[in-house]
Each structure stands twice: as structure tokens, then as C-alpha cells.
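First to last, the sequence lines map onto chains A and B. In terms of my numbering, the first sequence opens at residue 1 and continues consecutively. In terms of my numbering, the second sequence opens at residue 1 and continues consecutively.
Where hints are given, some of them may not hold.
As the list claims (entries may be wrong) - Covered by chain A, according to a simulated footprint, are these stretches of chain B (three or more residues, beta-carbon under 8 Å):
#: 1; stretch: 17-28
#: 2; stretch: 42-55
#: 3; stretch: 62-73
#: 4; stretch: 87-101
#: 5; stretch: 121-132
#: 6; stretch: 144-152
Since the hints were derived computationally from the structure, they do not count as laboratory data. As the structure is a prediction and not an experimental result, all values here were calculated from the model. Idealized CB from N, CA, C, for every residue including glycine.
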Amino acid sequence: MEVPISYYLTLSAIIFSIGAVGVLVRRNVIVVFMGIELMLNAVNLSFVALARASGSMDGEVIVFFVMTVAAAEAAVGLAIILANFAQRRTLNADEIDLLRW
Amino acid sequence: MILFFFLAILMVASALTVVVHRRPIYSALALINTLFLIAVMFVLLDAQLLAYLQVIVYAGAIMVLFLFVIMLLSLEGEERGTGRLGLRGLAAISGLVLAIELSALSAAGARASVAQVPSSYGTTESLAERLFTRHLLPFELTSVLLLVAIVGAVVMARRKA
Chain A
1 MEVPISYYLT LSAIIFSIGA VGVLVRRNVI VVFMGIELML NAVNLSFVAL ARASGSMDGE
61 VIVFFVMTVA AAEAAVGLAI ILANFAQRRT LNADEIDLLR W
Chain B
1 MILFFFLAIL MVASALTVVV HRRPIYSALA LINTLFLIAV MFVLLDAQLL AYLQVIVYAG
61 AIMVLFLFVI MLLSLEGEER GTGRLGLRGL AAISGLVLAI ELSALSAAGA RASVAQVPSS
121 YGTTESLAER LFTRHLLPFE LTSVLLLVAI VGAVVMARRK A
């Protein structure tokens, strides 16, 4: 395997920071959610790379659970966005500033 | 090695598209692209089952959910950009700083050599063997978590009668 593991970790760090900037900068809540998914995937890549480097498969088990939790979180988060939209009719994070309508 | 750099450049370009593009539908498509590229990286790292799961679960289920929601709720039109110009530049610079710092930290702490793994590494059988013996408790708890998520999503999206 000629690609050093640090290359995978660097790529994971870059994708993670792109996702983090996306979460902070964008106002559309769906795009914020996509930034969260980008961060989760970057961490998954990092876990798999380190699992391969150390020869233990525990990192892959962790990634399995991260994927499952991310799926559950995506479902619930999008349901919340839908319910929020049904009341406020906006997807702009700047305008969703009260806990109660 | 060339394949890795090719994939890495495509992945960074897709990730930037997710974050930068004004219309959310193109962000979602770019995110699907990124997820497929991560699945290819998993194959490069001998994680076969995770590559399948990445395509089926992440790119196949979660992103379809995203696309449903975007297509349901995009009557508002496009987002008007990301606000004042000074903040955008500051965000880009701080993102760059974060990327450099994380890369330096992670690359410095990585192992120099990659372990030799048997040919059964990352296959469905070996991952399942681990999942159902050593990590059985998190597995069962995750199934309870999924049940809670299903109930929660149904309750949240229900129309108030």
C-alpha cells in the first residue's frame, strides 16, 4: 500500500474543515445539515484509515455505528426542519431565532 | 497513488461545491458525489462492507431523504448569498487555518508503517463476527436508537390535527 496513512488523515482534516465552515457560514438550514454530514463522513474516513493502519477492525465497527447514528439523526433532523417550516415558512437560520412561534 | 490524488482533488472540489453553491439542490448532488468518492476511498483502504454500506445507507437513503425535503421545501427560491463580504472572507480564512492545523496535527501523529492485514480484513464476515460478539451491546442499543428515531420522526412530521 503505497499511500501513507497521513495523506488520508490530511484529506479527512480538509473535508472536516470545509464542512465546519459550511455549518458556520450558510443560512439555509438544509445546507447546514449537509455540512454536518460532511463532517461525519470526514471522521469516518479518518477512522477507516487508522483502522487499516493499525490492522484492527474496531475502527470499522465504530464507523458502522456512526453511519447508523447519522441516519437516525438525519431522519429526525429533517423531520424537525419540516415541522419548523410548516409553522414559519422559512428555511433561513437567521430567521429561526425563537424557540416558540 | 495517482488514483488517490485524483480522488482527493475530486472530493475536495465536491465538498467545496456543497458548501459554496447557492442552490441547495446542487449542494445535495455534490454531497452525493462526495459520498461516492468516500466509498471509493473505503475500497482503497480494504473496507469492503463499509463501502457497500456507505453507498446504500448514506448515498442511497440519507441523501434521498435530503432530496425529498429539498424538493418539498424549495418554493422559497435560492438563498441570497452568504451575507456580508467581510464575514465570508473571514470564514474562508478561518476554515483554511483550521484545515492546516488539523492536517498538521493528524499527519504528525500518524504511524509511519501500515500493518499487514489478512485477506479477511474488512469483509462482511469478519466485521459481522466482531459486531455480534464483542460489540453486541452497542449493536442492540443502536437498534433501540433507530426505533426512537422512527417514532420521533413520525411524531415530528405529523400534521397537528
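Going down the list of hints, with the structure as the test:
Requiring three or more residues with a Cβ within less than 8 Å of a Cβ of chain A, the coverage given for the stretch 17-28 of chain B holds, as 5 such residues are present. Under a criterion of three residues with beta carbons nearer than 8 Å to beta carbons of chain A, the stated coverage of the stretch 42-55 of chain B is upheld, 9 such residues being counted. For the stretch 62-73 of chain B, the proposed coverage by chain A is satisfied: 7 residues have a C-beta within less than 8 Å of a C-beta in that chain, meeting the threshold of three. Remark: the stretch 87-101 of chain B is confirmed as covered by chain A, as 9 of its residues place a Cβ nearer than 8 Å to a Cβ of that chain, reaching the required three.
With 6 residues having a Cβ less than 8 Å from any Cβ of chain A, the stretch 121-132 of chain B passes the three-residue criterion, so the hint holds. Coverage of the stretch 144-152 of chain B by chain A holds. Counting CB-CB distances below 8 Å, 6 residues qualify, and the rule asks for three or more.
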